[in-house]
Amino acid sequence: MGRATGLTGRLANDVDSAFPEMVLAYQDRLYSGVRSFVGSADAEDVTQEAFIRAHRALHSYDRDRIESLQVNAWLWTIALNLCRNWARTKSRRPQTTQLTFDHEGEGGADIAALEATMLASWRERLESLSEPQRTAIVLRHVVGLAYAEIAAATERPIGTTKTDVSRGLTALRRILAEEGSA
Amino acid sequence: MNKITQQLEELATTAPPSLAETVLIATGAGRFYDTVAGPTGELLIGWSSAGIFAAAPAGEEPRFLEEHTIASMEPLPAELPAALGRKVVAAIASGKLGKLPIDLSGLSEFQQAVLRKTAEIPPGQLRPYGWIAREIGKPGATRAVGSALNRNPVPVLIPCHRVGRSDGTVGQYAHGPEMKRGLLRAEGLDPDVVDEEAARGVRYVASATTNIFCHTTCHNARRIREANRIELRSIDGAHSKGFRACKVCRPEVVAA
Chain A
23 MGRATGLTGR LANDVDSAFP EMVLAYQDRL YSGVRSFVGS ADAEDVTQEA
73 FIRAHRALHS YDRDRIESLQ VNAWLWTIAL NLCRNWARTK SRRPQTTQLT
123 FDHEGEGGAD IAALEATMLA SWRERLESLS EPQRTAIVLR HVVGLAYAEI
173 AAATERPIGT TKTDVSRGLT ALRRILAEEG SA
Chain B
-11 MNKITQQLEE LATTAPPSLA ETVLIATGAG RFYDTVAGPT GELLIGWSSA
39 GIFAAAPAGE EPRFLEEHTI ASMEPLPAEL PAALGRKVVA AIASGKLGKL
89 PIDLSGLSEF QQAVLRKTAE IPPGQLRPYG WIAREIGKPG ATRAVGSALN
139 RNPVPVLIPC HRVGRSDGTV GQYAHGPEMK RGLLRAEGLD PDVVDEEAAR
189 GVRYVASATT NIFCHTTCHN ARRIREANRI ELRSIDGAHS KGFRACKVCR
239 PEVVAA
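As they're listed, the protein sequences go chains A and B.
Each residue of the first sequence is one higher than the last, beginning at 23 in my numbering.
Each residue of the second sequence is one higher than the last, beginning at -11 in my numbering.
Keep in mind that the hints were calculated from the coordinates and are not lab data.
Zero decoy hints are in this set.
Straight-line Cα separation of at most 25 Å, SDA-like style, residue types lysine to any residue; simulated pairs:
hint	chain 1	residue 1	chain 2	residue 2
1	A	Lys112	A	Ile74
2	B	Lys(-9)	A	Ala199
3	B	Lys(-9)	A	Ala168
4	B	Lys(-9)	A	Gly181
5	A	Lys184	B	Glu(-2)
6	B	Lys(-9)	A	Arg196
7	B	Lys84	B	Asp22
8	B	Lys(-9)	A	Glu137
9	B	Lys(-9)	A	Arg147
10	A	Lys184	B	Lys(-9)
11	A	Lys184	B	Ala0
For the chain A half of the interface with chain B, some residues (derived, Cβ under 7 Å), not all of them:
hint	residue
12	Asp50
13	Ser54
14	Ile74
In this text, a Cβ means the ideal position worked out from N, Cα and C, and glycines have one as well.
Same shape as in the complex, but just chain B:
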């Protein structure tokens, strides 16, 4: 009897690896990834039925798979569904999320707030970490904002490359500072000019005709004619000259 049950137990085996893959692709219930053309090179895009959960430069594939393995299940290589793929391409081309569903459900509320706010920064513009902290109602959390952005699971799509240091420089990037500069350049913002202005101590610019001051990269700031452009080193400097803050880029909290 023992012998029989033992032999029956030996009929137990492991499922072929293709089994789970086929099931997850057929049901769409898995986590998948594909490669798309990004602004500065190929991008890995991870998605599930809940939306895009990850992005990374194609060169970081091993790290990407490791970071997004849940319960020993790596994201599976698959083809982006056509509708989702169109939204990804549109988001990359426009620099805005549009209708692209992003799944941030695994993150803390603070991280989600930071990333949602970051997604509001228009292409080709830069905001300091402190701006995000203030905008989400956590003015003291500048460092925490920096670390949340450093762990942004969907870089490029959620444009953490548009957030820079409080000293006005472009600053670091989780995927290397060169990629950050390349992304800004692709959006029409010259990172060298940003750093050069920051080095001169310029934090804001104001218009002599409107008396409004902006972040240097705000699209309203870029419309100021050279003759009317006033460079400012601080908020206090702006106040002392009687300027008020731009309501679009909000360099300080604007009373409602």
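Only chain A is shown next, with the shape it has when bound in the complex:
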């Protein structure tokens, strides 16, 4: 990735001055993926925490390590950890409300509600997959990572990652078919 090469060079020169560029470049993809795992209510918090940890980590790395970073995969290693922690904490706590609608706009409310419903039903479908399949599907098709990046982020072989995606899609197709016939 040509862009990341430039960014890692700038990060290696001065973490703090290049860090905002990294946040701006990756925040949409990171937030979108995280939201698919943890939902709208906590997605912003979890994504913020991922960036804050990334910043701390960058300050502890030497120049060579920063220059050789695959930023996308590396950020996702951090974010996936946080999403797993989030899921663990959630399962220990009794869930009160499944869905929160926190939008106030009048005109956009219908679209926002529609999006929230769509996200909720997709999260439910994704929940029924195995964790590796869910992760691979979201990283591939929501975030748009390459298989090699998913493999690096999840520390699994590329071949396994491809299998996870294709089996996950098959399972989702079955789930959608069942929903349609219900």
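Please arrange chain B on chain A, whose structure you already have, making use of the hints.
Below, chain B without anything else, positioned relative to chain A:
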């Protein structure tokens, strides 16, 4: 299958604007700005972890934000960290940078040299552009000095208002000549007197007792008693009378 992947792609969205702001404030890795009381009105102060990178009159906020937007990221409004804030207040009160960290890293070496030299001019004193050029070892670069000062990213803190025209007048200012005159007045230098002396052709003053000549605003010049004060129109005039240059304000290159 296409339908499923398409629907998954539609789950992609944009991050809420508060996300990046919160991250940058929490990590301190962003570029921020705050408003402080300046000598002639409120000042915007821009900072990052590398130091102060910008200052501007509060009335110029839109231009300030536009000029300091990098990669579509504006400086974020935030509160000056206490330690840095104290140094800013001290610098404004004393007219000297002191321990205030200034980040000039985005500028050319020439611009940095001009600004560092400018920061040496004591409050309430004026030096001509040509003096800066000579002091940084670029005696021919008077015009370039003028344009570097015109683009001073940290006015007031780096006192480009203390640099005037070679004809001895106060001259122009990127934020308006009135602000320049106000800043000098706040430091105890009357710009009208400066302009009036310049109009009479006075460039330097010498002391009849010490035989030393100075810039008219040098603090050594101001200690000369009226009876001993000799007004000079040029360096040649000073030489012809046998005066030597002040070693503090250095109106000409002084042999070591």
